[in-house]
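Q: As a plain string of letters, each chain reads:
Number of protein chains: 2
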Amino acid sequence: MSTTIDSTPRADGFRMPGEFEPHAQLWMLWPQRPDNWRLGAKPAQRAWVQVATAVSQFEPVTVGVNNDQYENARNLLPAHVRVVEISSNDAWMRDCGPTFLVNDKGDVRLVDWDFNAWGGLYDGLYFPWDKDQMVPLKISELERVDRYKAHLVMEGGSIHVDGEGTVITTEECLLSPGRNPQLSREEIEQHLRDYLNVDTVIWLAKGIDPEETNGHVDDVACFVKPGVVLAAITEDKADWRYELLQDNLRRLQAATDAKGRKLEVHTMPMPAIMVITEDEAWGVDAAEGTIPRVPGDKTAASYLNFLIVNGGVIMPAFDGPNDAVALSTLQRLFADRKVVTVPGREIVLGGGNVHCITQQQPKG
Amino acid sequence: MSTTIDSTPRADGFRMPGEFEPHAQLWMLWPQRPDNWRLGAKPAQRAWVQVATAVSQFEPVTVGVNNDQYENARNLLPAHVRVVEISSNDAWMRDCGPTFLVNDKGDVRLVDWDFNAWGGLYDGLYFPWDKDQMVPLKISELERVDRYKAHLVMEGGSIHVDGEGTVITTEECLLSPGRNPQLSREEIEQHLRDYLNVDTVIWLAKGIDPEETNGHVDDVACFVKPGVVLAAITEDKADWRYELLQDNLRRLQAATDAKGRKLEVHTMPMPAIMVITEDEAWGVDAAEGTIPRVPGDKTAASYLNFLIVNGGVIMPAFDGPNDAVALSTLQRLFADRKVVTVPGREIVLGGGNVHCITQQQPKG
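Chains A and B supply the protein sequences, listed in that same order.
Each residue of the first sequence is one higher than the last, beginning at 2 in the working numbering.
Each residue of the second sequence is one higher than the last, beginning at 2 in the working numbering.
Calculated directly from the structure, the hints in this document are not laboratory data.
One or more hints might be untrue.
Residues from chain B shown here face chain A by an in silico Cβ test under 8 Å; the list is partial [unchecked claim]:
(1) 4
(2) 6
(3) 68
(4) 71
(5) 84
(6) 87
(7) 88
(8) 132
(9) 135
(10) 139
(11) 142
(12) 143
(13) 145
(14) 147
Below, a list of computed lysine to any residue pairs in the SDA-like style, where the Cα atoms sit at most 20 Å apart [unchecked claim]:
(15) B/132 to A/291
(16) A/150 to B/73
(17) B/132 to A/70
(18) B/132 to B/260
(19) B/364 to A/145
(20) A/150 to B/76
(21) A/150 to B/79
(22) A/364 to B/144
(23) A/263 to B/76
(24) A/132 to B/5
(25) B/150 to A/75
(26) A/150 to B/72
(27) B/150 to A/291
(28) A/132 to A/328
(29) B/150 to A/79
(30) B/132 to A/73
(31) A/132 to B/76
(32) B/150 to A/77
(33) B/132 to A/75
(34) B/150 to A/73
(35) A/226 to A/252
(36) A/132 to B/69
(37) B/150 to A/132
(38) A/132 to B/70
By construction, the Cβ of each residue, glycine as well, lies at the ideal position given by its N, Cα and C atoms.
Just chain A, same shape as in the assembly:
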């Protein structure tokens, strides 16, 4: 029912809107794989229900689920959350899902990027990713939204846009050898220009999880609105992330966006280092080639991995001293939205957080 368009969004006048622009609905995928989620993914499923429930106060939510978990997901999720069958290898809708686009007439289309589980056979996180890579096509069919196929390996978590011509991303991820080694930096920029319809690419150097997403930007920086960004920092100079976050901050402070504006840059503290406990490391199925989970491992928890929804912000909380700082920072920056917290600890055990497990579909 959807058409695959042999053109580019830029040529056709479509752009990726900012996350802060109005949404039609929010998409998620249901977690279940027992080699990434402890205890048969039951604690993760509870966390997903909390996120879906929180978002559904603000906008419609659709959750895609594998057939063998359909009844369980339908039973655990609130009745007003829509549950549809969409097979996946894991539950990272931000990364394997589509990027939705709009034009000035109110039409909606989407981009179907290549996906290779964060690095393919080079340093990807699992194999195969055959179901994940079908998710954008299935959503385009289900929603009757026309589709562009972009021949660039990229995950939604590696970009943030202002909807006015600017994208922020990281070199660590987009230039990683596991993504598009055959493309130059300039060719990758051209793909972003063509498929997001942006003019300016602001390159940060690194994120905080080199072994997982190769440094997705959505743990370290985002747009609050056009011209205004938020950057994660830590004040602990002994933290290995101190310098890379300072470098990101400096780059943002020096940057000019597509409209010629200097960015207004706000900062957000990191959560206290979150260490995996014995209990949290236990009950994960062994699987060859995946990163083992060991008690004492540090997670990539970040308050930056929040989600903006219609009239709200969904923030992961970690029961730490900076939760209150993060909450007040977001409430100050998003004064016209209600900031709601959800427990983020279980989700970060699997490698991401609220932003990683969601994907907004803008209003047409």
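Starting from the structure of chain A, add chain B where the hints point.
A: Same frame as chain A, but now just chain B:
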């Protein structure tokens, strides 16, 4: 997203409309099981594409498909047919799918009947039917259509309604020991009254496939419009179906509908007896408990298994001498619709035809 309503359509003013009333879209399921469809279901898939293509001239079509056949189905079906992931055990959307309802305000709901693969452990056609029985719920979620759960084992192919209070069905099927042995005839009638919102049940005795659907009405009789029915007959007195079809004819001629009308009864010849060839019996996987396919077996081919769509009628053709009679009969009775034929032989090898593999969703 859909609500399960703890009431009945009759109580809420919803009714099943006649198939001849306007449709919003048509639903199908993709065939693939190699123990029912020869040669890995490839000839069946080609037949399904022909049906979907024919219907899509008249109204939107959505095809539900198991994940492992998604790419193949998407590739084989025309681009304007919507393909969504809906797991199934086999591809009989008429029988495992929902019955859609409308009210006078233009709202649409659906009934989710119990389904047990045409007789469950008594004389059902396969086990398990776990995916089939989830199809109505999945469609209700996908389309955001509220749902009634009816605790009656019944397939869509065992009923035809006039949309004005009358249903035609068969005793052989609805009173079969594999369906609802704990319910009396009166209790079954009450379920039909409650969930289809009908007042009058016209009982025919038998259909033409006792070993498959236990005599679904959709091979032997249907409504052309309120007050007008079409009944299958054969003029060959040596045909074992001669007498049962005559009995159906007499019952219809004697019947009065819910509006107090005597029915105007037209007749349709049966196709020539269609015998399965060596080629057609070959290439079907063995499976314990299923009916073996043997060259020389007779099929349940019937022209009555056509489908009414918006402005059209989709008729199965069998390359037989009665094709032309059937076509002219339908074109005469449906003078304001275009009658289109599709090859019916491959579909009947698996046990049904155009009507069995489709389910209409009425316009709200």
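Q: Next step is simple, just say for each hint if it's right about the structure.
A: Now for the hints, and whether the structure bears them out:
Taking 8 Å as the C-beta contact cut-off toward chain A, the hint placing residue 4 of chain B at the interface holds, the least distance being around 6 Å. Interface hint at residue 6 of chain B: violated, since its Cβ lies 11 Å from the closest Cβ of chain A, which is beyond the 8 Å cut-off. Taken as an interface hint, residue 68 of chain B checks out: its beta carbon lies about 4 Å from the nearest beta carbon of chain A, inside 8 Å. Evaluation of the residue 71 of chain B hint against chain A yields a held restraint, the C-beta minimum of about 6 Å falling below 8 Å.
The closest approach between the C-beta of residue 84 of chain B and any C-beta of chain A is roughly 5 Å, which is under the 8 Å cut-off, so the hint is satisfied. Look at residue 87 of chain B: its Cβ gets to within about 6 Å of chain A, closer than 8 Å, so that hint holds up. Interface hint at residue 88 of chain B: satisfied, since its Cβ lies 4 Å from the closest Cβ of chain A, which is below the 8 Å cut-off. Proximity of residue 132 of chain B to chain A holds as hinted, the smallest CB-CB distance being about 7 Å (cut-off 8 Å).
Here the hint on residue 135 of chain B is kept, as its CB sits about 6 Å from the closest CB of chain A, short of 8 Å. Restraint check, residue 139 of chain B versus chain A: the minimum CB separation of about 6 Å is within 8 Å; hint holds. Given the 8 Å rule on beta carbons, the hint for residue 142 of chain B holds: about 5 Å separates it from the nearest Cβ of chain A. The interface hint given for residue 143 of chain B holds, since its Cβ lies 5 Å from the closest Cβ of chain A, which is under the 8 Å cut-off.
Among the interface hints, the one on residue 145 of chain B holds; its C-beta lies about 7 Å from the nearest C-beta in chain A, closer than the 8 Å criterion. Because the beta carbon of residue 147 of chain B sits about 10 Å from the nearest beta carbon in chain A, more than 8 Å, this interface hint is broken. Our distance criterion of 20 Å between C-alpha atoms is broken by residue 132 of chain B and residue 291 of chain A, whose separation comes to about 31 Å. In summary, the hint linking residue 150 of chain A to residue 73 of chain B is supported, as the alpha carbons are separated by about 18 Å, within the 20 Å threshold.
Between residue 132 of chain B and residue 70 of chain A the CA atoms are separated by roughly 12 Å; this keeps the pair inside 20 Å, and the hint holds. Between residue 132 of chain B and residue 260 of chain B the alpha-carbon distance is near 39 Å, which puts this suggested pair outside the 20 Å criterion. For a cut-off of 20 Å, the pair hint linking residue 364 of chain B to residue 145 of chain A stands: about 18 Å separates their Cα positions. This hinted pair checks out: residue 150 of chain A and residue 76 of chain B have alpha carbons roughly 15 Å apart, not beyond 20 Å.
Between the alpha carbons of residue 150 of chain A and residue 79 of chain B the distance comes to roughly 19 Å, so the proposed pair stays at or under 20 Å and holds. Distance hint between residue 364 of chain A and residue 144 of chain B is fulfilled; the C-alpha atoms sit about 18 Å from each other, no more than 20 Å. For a cut-off of 20 Å, the pair hint linking residue 263 of chain A to residue 76 of chain B is broken: about 48 Å separates their Cα positions. For the hint pairing residue 132 of chain A with residue 5 of chain B, the CA-to-CA distance comes to about 30 Å; that exceeds 20 Å, so the pair is violated.
With a CA separation close to 15 Å, the supplied pair residue 150 of chain B and residue 75 of chain A stays within the 20 Å bound. A distance of roughly 15 Å separates the Cα atoms of residue 150 of chain A and residue 72 of chain B; the hinted pair therefore holds under the 20 Å criterion. Under the criterion of a C-alpha separation no larger than 20 Å, the hint pairing residue 150 of chain B with residue 291 of chain A is inconsistent with the structure, at around 43 Å. At roughly 36 Å between alpha-carbon atoms, residue 132 of chain A and residue 328 of chain A are farther apart than 20 Å, so this suggested pair is violated.
About 18 Å separates the Cα atoms of residue 150 of chain B and residue 79 of chain A, which keeps this hinted pair within 20 Å; it holds. Of the supplied pair hints, the one linking residue 132 of chain B and residue 73 of chain A holds, its CA atoms being roughly 14 Å apart against a limit of 20 Å. For the hint linking residue 132 of chain A to residue 76 of chain B, the alpha-carbon distance of about 16 Å falls within 20 Å, and the restraint holds. For the suggested pair residue 150 of chain B and residue 77 of chain A, the alpha carbons sit about 19 Å apart, so the restraint of at most 20 Å is met.
With a C-alpha separation of about 15 Å, the suggested pair residue 132 of chain B and residue 75 of chain A falls inside the 20 Å cut-off, and the hint holds. Proposed proximity of residue 150 of chain B and residue 73 of chain A is supported: the alpha carbons are some 18 Å apart, at most 20 Å. Restraint check for residue 226 of chain A and residue 252 of chain A: the C-alpha separation of about 18 Å stays at or below 20 Å, so the hint holds. Distance hint between residue 132 of chain A and residue 69 of chain B is fulfilled; the C-alpha atoms sit about 9 Å from each other, no more than 20 Å.
With a C-alpha separation of about 31 Å, the suggested pairing of residue 150 of chain B with residue 132 of chain A is violated against the 20 Å cut-off. This hinted pair checks out: residue 132 of chain A and residue 70 of chain B have alpha carbons roughly 12 Å apart, not beyond 20 Å.
Comparing the model with each earlier hint shows violations of hints 2, 14, 15, 18, 23, 24, 27, 28, 37; every other hint is respected.
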